[in-house]
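Model the full assembly from the supplied sequences, consistent with the hints where possible.
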Amino acid sequence: MDWGTLQAVLGGVNKHSTSIGKIWLTVLFIFRIMILVVAAEKVWGDEQDDFVCNTLQPGCRNVCYDHFFPISHIRLWALQLIFVSTPALLVAMHVAYTRHEKKRRFRNGEKIDIEEIKNEKIHIRGPLWWTYTSSIFFRIVFEAVFMYVFYYMYDGYQMPRLVKCEAWPCPNTVDCFVSRPTEKTTFTIFMLAVSGICMMLNLAELSYLVIKICMKESRKTT
Amino acid sequence: MGEWSFLGDFLEKVHKHSTVVGKVWLTVLFIFRMLVLGTAAESSWGDEQSDFMCDTQQPGCENVCYDKAFPISHVRFWVLQIIFVSTPSLVYMGHAMHTVRMEEKRKMKEAEIEARENKNGGDTYYQQKCSVAEKETKLSGWDEAGGQIILRGSLLNTYVYSILIRTAMEVAFIVGQYVLYGIFLETLYICQRAPCPHPVNCYVSRPTEKNVFIVFMLAVAVLSLFLSLAELYHLGWKKAKERCSRSYKASPSTAPGRLESAPQAERAQMYTPPPDFNQCLSSPNGKFISPFSNKMASQQNTANFATERVHGQEDAAGEGPFIKSSYVESPEVASECAAPAFPENYFNEKRRLSKASRASSKARSDDLSV
Numbered sequence: 001m002d003w004g005t006l007q008a009v010l011g012g013v014n015k016h017s018t019s020i021g022k023i024w025l026t027v028l029f030i031f032r033i034m035i036l037v038v039a040a041e042k043v044w045g046d047e048q049d050d051f052v053c054n055t056l057q058p059g060c061r062n063v064c065y066d067h068f069f070p071i072s073h074i075r076l077w078a079l080q081l082i083f084v085s086t087p088a089l090l091v092a093m094h095v096a097y098t099r100h101e102k103k104r105r106f107r108n109g110e111k112i113d114i115e116e117i118k119n120e121k122i123h124i125r126g127p128l129w130w131t132y133t134s135s136i137f138f139r140i141v142f143e144a145v146f147m148y149v150f151y152y153m154y155d156g157y158q159m160p161r162l163v164k165c166e167a168w169p170c171p172n173t174v175d176c177f178v179s180r181p182t183e184k185t186t187f188t189i190f191m192l193a194v195s196g197i198c199m200m201l202n203l204a205e206l207s208y209l210v211i212k213i214c215m216k217e218s219r220k221t222t
Numbered sequence: 001m002g003e004w005s006f007l008g009d010f011l012e013k014v015h016k017h018s019t020v021v022g023k024v025w026l027t028v029l030f031i032f033r034m035l036v037l038g039t040a041a042e043s044s045w046g047d048e049q050s051d052f053m054c055d056t057q058q059p060g061c062e063n064v065c066y067d068k069a070f071p072i073s074h075v076r077f078w079v080l081q082i083i084f085v086s087t088p089s090l091v092y093m094g095h096a097m098h099t100v101r102m103e104e105k106r107k108m109k110e111a112e113i114e115a116r117e118n119k120n121g122g123d124t125y126y127q128q129k130c131s132v133a134e135k136e137t138k139l140s141g142w143d144e145a146g147g148q149i150i151l152r153g154s155l156l157n158t159y160v161y162s163i164l165i166r167t168a169m170e171v172a173f174i175v176g177q178y179v180l181y182g183i184f185l186e187t188l189y190i191c192q193r194a195p196c197p198h199p200v201n202c203y204v205s206r207p208t209e210k211n212v213f214i215v216f217m218l219a220v221a222v223l224s225l226f227l228s229l230a231e232l233y234h235l236g237w238k239k240a241k242e243r244c245s246r247s248y249k250a251s252p253s254t255a256p257g258r259l260e261s262a263p264q265a266e267r268a269q270m271y272t273p274p275p276d277f278n279q280c281l282s283s284p285n286g287k288f289i290s291p292f293s294n295k296m297a298s299q300q301n302t303a304n305f306a307t308e309r310v311h312g313q314e315d316a317a318g319e320g321p322f323i324k325s326s327y328v329e330s331p332e333v334a335s336e337c338a339a340p341a342f343p344e345n346y347f348n349e350k351r352r353l354s355k356a357s358r359a360s361s362k363a364r365s366d367d368l369s370v
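Protein chains in written order, with UniProt numbering: chain C, 1 to 222; chain L, 1 to 370.
No wet-lab data here; the hints were simulated from the structure.
Wrong hints could be hidden among the right ones.
To be verified - Computed Cβ-Cβ distance ranges for the label pairs, DEER-style:
1. L:Phe-184 / C:Thr-173: 20 to 28 Å
2. C:Pro-171 / L:Asp-47: 43 to 51 Å
3. L:Met-108 / C:Pro-160: 56 to 64 Å
4. C:Met-200 / L:Val-100: 25 to 33 Å
Claimed, not checked - To give an idea of the interface, some chain L residues facing chain C are shown, with a C-beta separation under 10 Å as derived from the structure:
5. Phe-10
6. Glu-42
7. Tyr-66
8. Lys-68
9. Met-97
10. Ala-194
Beta carbons: idealized from backbone N, C-alpha and C, even for Gly.
Right, here's the structure in full:
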């Protein structure tokens, strides 16, 4: 999986984020994407090859693997990371639109310095504040949804060593053994913990933005 | 190594703003840990499960025995170790960038204030403030020319804490590896776990090659630990020595200027006094005619610089043999010009502190510019 493209896109968003947003982005890249690519993919690499069932019945192993692992953890994490990163693209698009508008006004003859438009630090106010806040809200929602999906699909966060399979064409209840269950449990809990941290960071950023705007409003009225 | 580029890019930035020992540590991390892990160790451990053979036909026995023998593979353990050991540096980097941003904001605010003052038609005296203030803000937190951060005050504390946490992580992972696997890998592993019907002989794949890499990675971890401790010693010892020599210099000294240097230096650390008025006038554009005599001030200035130079030489002599760093004393530059009315003993002030200086007023540089 080529995560470099995502890095290129999100790198641009980094410039217009708050400090907490920047920390979130760093945690995302180093503790999630990097761990996924460097470590987790290797751990789950042989998950079907080394899924062994105590039967000679052809097809039983395939069916049992498919029954117990409808979507592999790796693919679910990849989806989670993509969904969680996407709201940030909304912010990038909004900023690009604002810049485009300014350039259009410049071309229509208003006196705006074109260099300033390029290098201007965009402040999070007005409609951009709403875009930014809703992007954080959606991030939190996606994180929570995926954490629940993991829990629901795999009955908790621990990888079992032995699974008992009765799917057709297995002739009876068959013992099947999962490959590297302890290592998989370790990484599942690690990724869960980092998701939790990311969610905390998003909540902190949301409350920071809300409090800042409330204080600004109260200063205006007083 | 492409997979490590995420972390690599971040650490490149840290590399720029580290001390000499810090740079060596980062180089060791990049070359001896990341590169070796990515290229050599991965392929050595590639077939660890497929070639883990057990002396049984019982289906599932090999799986469970492999899981019992290797709860977490060495390679993944080292990946986690590298990431956790690098994380404190990222925290320091975050703090440094934050400091830089604050400095830039402060610079902009000062520029705005000056522009406003000039617009209000202030004295030409205040015009001097502009050029001097600009120079000072450049020296305070961010060296534009060198592009480096100055290790001082809270930033230095963050740096020291990051090294302490890094050391703790290093020790934790080395101990963890010993607890999990001991030092060497045995060829034979005897396994008794359901569904294996009885104790079963299992054979590890490529044990000798794995042992070579285990010993190598352990040695590099110990070397990194040693480098972190050396950096701590380097930073801590210098700081302690500075404090000792400063308090020692407070006792009898020959020149009259020296007598007041220590208590005033201590006092100066608590607040930043306005700079010497005559510094403002030293600018070549100064058309202002001073009503004050600056002969006494310049005489005491020469005494000050002499004292500071002696301190610097003593510090340089006390350095350890294997760590190269140079402490350069740079004369303090006035941050901004104050109003003409000074307290009586102002010209005896030895330390002219910058507005941004929070801790030591003494300039030092060890690969970080000051």
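Here is what the structure says about each hint:
The given range of 20 to 28 Å is broken by Phe-184 of chain L and Thr-173 of chain C, whose C-beta atoms sit roughly 42 Å from each other. For the pair Pro-171 of chain C and Asp-47 of chain L, the supplied restraint of 43 to 51 Å is violated, since their beta-carbon distance comes to about 33 Å. Hint check: Met-108 of chain L to Pro-160 of chain C, Cβ distance near 59 Å, so the stated range 56 to 64 Å holds. The hinted window of 25 to 33 Å between Met-200 of chain C and Val-100 of chain L holds, with their beta carbons roughly 26 Å apart.
For Phe-10 of chain L, the shortest C-beta to C-beta distance to chain C is roughly 7 Å, which falls under 10 Å, so the interface hint holds. Hint on Glu-42 of chain L holds. Least Cβ distance to chain C is approximately 8 Å, under the 10 Å limit. Satisfaction of the interface hint for Tyr-66 of chain L is found here, the shortest Cβ-Cβ separation to chain C being roughly 7 Å, below the 10 Å cut-off. Against a cut-off of 10 Å between C-beta atoms, the interface hint on Lys-68 of chain L holds, since the closest Cβ of chain C lies about 8 Å away.
This hint holds: Met-97 of chain L has a C-beta 9 Å from the nearest C-beta of chain C, less than the 10 Å allowed. Using the Cβ-Cβ criterion of 10 Å, the hint placing Ala-194 of chain L at the interface with chain C is satisfied: the shortest such distance is roughly 8 Å.
Taken one by one, the earlier hints fail for this structure at numbers 1, 2, listed in ascending order.
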